[in-house]
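Protein chains: 2
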Amino acid sequence: MPVNLAPPIAENLLPIAGVTIGIASAGIKKEGRKDVTLMLLAPNSRVAGVFTQNRFCAAPVIVAKKHLGKTAPRALIINTGNANAGTGDDGLARARAVCEALAALLPCSEPEILPFSTGVIMEPLPADKIIAALPAAIADCRADNWFAAANAIMTTDIVAKATSRQVTIAGKTISITGIAKGSGMIHPNMATMLGYVATDAVINQEALQSMVKHAADLSFNCITVDGDTSTNDSFMLIATGQAGNAEITDCNSADYLALADAITDLSRELAQAIVRDGEGATKFMSIVVEGGRDRDECRKIGYAIAHSPLVKTAFFASDPNLGRILAAIGYAGVTDLDVSTLQMYLGDVLVAENGGRAASYQEADGQRIMKQADITVRIVLNRGDADATLWTCDFSYDYVKINAEYRS
Amino acid sequence: MPVNLAPPIAENLLPIAGVTIGIASAGIKKEGRKDVTLMLLAPNSRVAGVFTQNRFCAAPVIVAKKHLGKTAPRALIINTGNANAGTGDDGLARARAVCEALAALLPCSEPEILPFSTGVIMEPLPADKIIAALPAAIADCRADNWFAAANAIMTTDIVAKATSRQVTIAGKTISITGIAKGSGMIHPNMATMLGYVATDAVINQEALQSMVKHAADLSFNCITVDGDTSTNDSFMLIATGQAGNAEITDCNSADYLALADAITDLSRELAQAIVRDGEGATKFMSIVVEGGRDRDECRKIGYAIAHSPLVKTAFFASDPNLGRILAAIGYAGVTDLDVSTLQMYLGDVLVAENGGRAASYQEADGQRIMKQADITVRIVLNRGDADATLWTCDFSYDYVKINAEYRS
Chain A
37 MPVNLAPPIA ENLLPIAGVT IGIASAGIKK EGRKDVTLML LAPNSRVAGV FTQNRFCAAP
97 VIVAKKHLGK TAPRALIINT GNANAGTGDD GLARARAVCE ALAALLPCSE PEILPFSTGV
157 IMEPLPADKI IAALPAAIAD CRADNWFAAA NAIMTTDIVA KATSRQVTIA GKTISITGIA
217 KGSGMIHPNM ATMLGYVATD AVINQEALQS MVKHAADLSF NCITVDGDTS TNDSFMLIAT
277 GQAGNAEITD CNSADYLALA DAITDLSREL AQAIVRDGEG ATKFMSIVVE GGRDRDECRK
337 IGYAIAHSPL VKTAFFASDP NLGRILAAIG YAGVTDLDVS TLQMYLGDVL VAENGGRAAS
397 YQEADGQRIM KQADITVRIV LNRGDADATL WTCDFSYDYV KINAEYRS
Chain B
37 MPVNLAPPIA ENLLPIAGVT IGIASAGIKK EGRKDVTLML LAPNSRVAGV FTQNRFCAAP
97 VIVAKKHLGK TAPRALIINT GNANAGTGDD GLARARAVCE ALAALLPCSE PEILPFSTGV
157 IMEPLPADKI IAALPAAIAD CRADNWFAAA NAIMTTDIVA KATSRQVTIA GKTISITGIA
217 KGSGMIHPNM ATMLGYVATD AVINQEALQS MVKHAADLSF NCITVDGDTS TNDSFMLIAT
277 GQAGNAEITD CNSADYLALA DAITDLSREL AQAIVRDGEG ATKFMSIVVE GGRDRDECRK
337 IGYAIAHSPL VKTAFFASDP NLGRILAAIG YAGVTDLDVS TLQMYLGDVL VAENGGRAAS
397 YQEADGQRIM KQADITVRIV LNRGDADATL WTCDFSYDYV KINAEYRS
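First to last, the sequence lines map onto chains A and B.
Add 36 to the 1-based position in the first sequence for our numbering, that's all there is to it.
Add 36 to the 1-based position in the second sequence for our numbering, that's all there is to it.
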């Protein structure tokens, strides 16, 4: 069950001027399931994105990256039930067929469409079914469909992820709304994770591209469920330019930073929601690594802890088996690490220092922390000023069950 | 349950001239459990070893490495139930106390003793209990105790691991016997894995050191259960020098190669037995990566597959979810990999090529292979002559159960 994660409230999601959303059922996996989501963007909208770094990236990722480099998008089309990944040239043709059909209906040119798919890999995309559902999706388009979209893009997610922010920039109110999906296979470089954040701010393409990378690095690229990086991950940042603010062009300006902060904060909430809804999750863990020489070594150590099945099963059992965390630190690949000078905290409890258990540590204190649903593990390396925070969840019977039974 | 793994037969284990073994109960975790194993080596025996690369290496590892660099060992003392890891300076003092007590009893000097521990980490080693059990272990020493030793060093292992070989070198019969333990936390660079192989061959220290590294690289360093690398892993190769062969000194000689082959083959059997007895294992998987530019990239891809929880749960479910394997190949970190030119086989069935599912592939063929207990996944990269083979097991409910409940 999701860990301290409430579903979004539809009324709290702000419409974004220039974005309308339509939902439809293509019957890709199940008859009647809302599995197609269409986002229409007003003219002069800008889109920037980051994509999976998996070499086996899916056909829609290849097409979306190519289209994004060519022209300003007018529409995003997202299907669940089939990832169109590991499908070779035929998969590319099917992704393009969906784009072509949508372009003819809107009308616009094919490169103005960005396609996204999530679901089973290595199965042919039922493009005909998706194309047949496009008119219904277009007919459904309206500004207050964010909640429906958050639900329509879910796969093994239990709870929909959507949230909004408002920020005032030079006297203008800027709105931001985002949705995301993804529960297993979540890992740094963007794993079976789809995220769409839209704002009405006026911002140029370069600044927008910088902002999406900044936001991803501090949100979606800081989470992991099982260490697997998917073929389809995509995080899109849309700016419709209808808020009337002076165009943001300088990445060091106060306006840029105010917007970047709000978008990063919103993205972090979505990313953490993905972990809270991780497959089979019963615990939400924040792994904080401080005092490192650089961010890279802090992340290495954080991921070694976050990916260790032994650590994750111990958290599932609420067992303060601290040695497993120390062992993970030890094999993280920071070769000159002096383990005798670091401290480890579980919540506010100092549990290890001087290469072993802290003299003050009582198992009862560790157990008190481990019984909580939200747990912070903090490692203080005492060798520099860098830090990194990652979020992950535990490994439960249900993780195995969900992943052993998915597809069947 | 162990996958196609029969327990060793005591009578088939060859005594090694110059090695006697004694077993005792120290009551470290449970009253009456055989938890102390003593190996006594005849004078002029040589020992070479490889140890964990975990920065949090355990106290006994630190002591054993130091002692091994000083003098020829006369005894190895192994306890289960407590790993004496993450125990700081106090742990070092306790490991040395055991060595000192044993040295006084034998008698010999303290550096002639190599200590080994396996079990729970971050708990103080009950050195007094071990020391109290030493006289019983000494009294029990005899040449035909290999089977008892294989059982005494087990922790979460279900089946004992022990095997023997004989090889003829320049007319002399050389005997080799080895034992090993370890089921979870098994990973390349030697994880909660203890292995002891002894031979009566005459071989000098340099050649022996080369041989233990060669054997480890092709056996214990090719297995993984959960990707965790332990604090205590040690693999020791003992040569008592009593077989009467001409001393082996040249690593390119026929004698060296014959002995190295036999020892590597025996080590591989022990290493594979560890995987077959992996925590909760129901499948044994050989991951073969061929046609790579170098062995390193083949191993990277192999480990990405072998460590993926999504792949491992799919194997548990006997589900030919091939996309999960392709996704793992894609994120293995071989950045210039062209996924459209590789082939993937499940057993003898070609399942993927040209970036997607092979035209000839039938799901029924994949399912036939996935239902077997021993499964080979073969990836042909078609970009060079290098290859690597790894062995791993699946991820089951029982893996979570064992690791969530261990300690309690």
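Any given hint could be a false lead.
Each pair may be met inside one copy or between any two copies, as identical chains are not told apart.
No more than 30 Å apart at the CA atoms, straight line, and that leaves these computed lysine-lysine pairs for DSS-like [stated by the list, open to error]:
1) Lys407 - Lys65
2) Lys165 - Lys106
3) Lys407 - Lys66
4) Lys101 - Lys407
5) Lys336 - Lys106
6) Lys208 - Lys165
7) Lys407 - Lys249
8) Lys70 - Lys101
9) Lys208 - Lys70
10) Lys407 - Lys70
11) Lys66 - Lys208
12) Lys249 - Lys336
13) Lys65 - Lys106
14) Lys208 - Lys101
15) Lys101 - Lys336
Keep in mind that the hints were calculated from the coordinates and are not lab data.
Outcome of the hint check:
In this assembly of identical chains, the alpha carbons of Lys407 and Lys65 lie at most 30 Å apart only when taken from different copies (25 Å versus 39 Å within one copy). Taking CA atoms no more than 30 Å apart as the test, Lys165 paired with Lys106 passes inside one copy only; the shortest distance there is 27 Å, against 73 Å between copies. Within a single copy, Lys407 and Lys66 get their C-alpha atoms only as close as 39 Å, which misses the 30 Å cut-off; across copies the closest is 27 Å, which meets it. Taking the shortest alpha-carbon separations for Lys101 and Lys407, neither the intra-copy value of 44 Å nor the inter-copy value of 39 Å comes in at or below 30 Å.
In this homomeric assembly, Lys336 and Lys106 never come within 30 Å of each other (Cα to Cα): the closest approach is 36 Å inside a single copy and 35 Å across copies. Taking the shortest alpha-carbon separations for Lys208 and Lys165, neither the intra-copy value of 43 Å nor the inter-copy value of 74 Å comes in at or below 30 Å. For the identical chains of this complex, Lys407 and Lys249 are neighbours neither inside a copy (36 Å) nor across copies (44 Å), given an alpha-carbon limit of 30 Å. Taking identical chains as interchangeable, the C-alpha atoms of Lys70 and Lys101 lie at most 30 Å apart only when both belong to the same chain, with a minimum of 26 Å there against 62 Å between chains.
Proximity of Lys208 to Lys70 under the C-alpha cut-off of 30 Å is found in neither arrangement, the shortest distances being 36 Å within a copy and 76 Å between copies. Taking the closest pair of Cα atoms, Lys407 and Lys70 never come within 30 Å of each other, the shortest separation being 38 Å inside a single copy and 34 Å across copies. Taking the shortest alpha-carbon separations for Lys66 and Lys208, neither the intra-copy value of 44 Å nor the inter-copy value of 71 Å comes in at or below 30 Å. Taking the shortest alpha-carbon separations for Lys249 and Lys336, both the intra-copy value of 20 Å and the inter-copy value of 27 Å come in at or below 30 Å.
In this assembly of identical chains, Lys65 and Lys106 lie within 30 Å of each other by CA distance neither inside one copy nor across copies; the values are 32 Å within and 67 Å between. Taking the closest pair of Cα atoms, Lys208 and Lys101 never come within 30 Å of each other, the shortest separation being 32 Å inside a single copy and 67 Å across copies. In this assembly of identical chains, Lys101 and Lys336 lie within 30 Å of each other by CA distance both inside one copy and across copies; the values are 29 Å within and 27 Å between.
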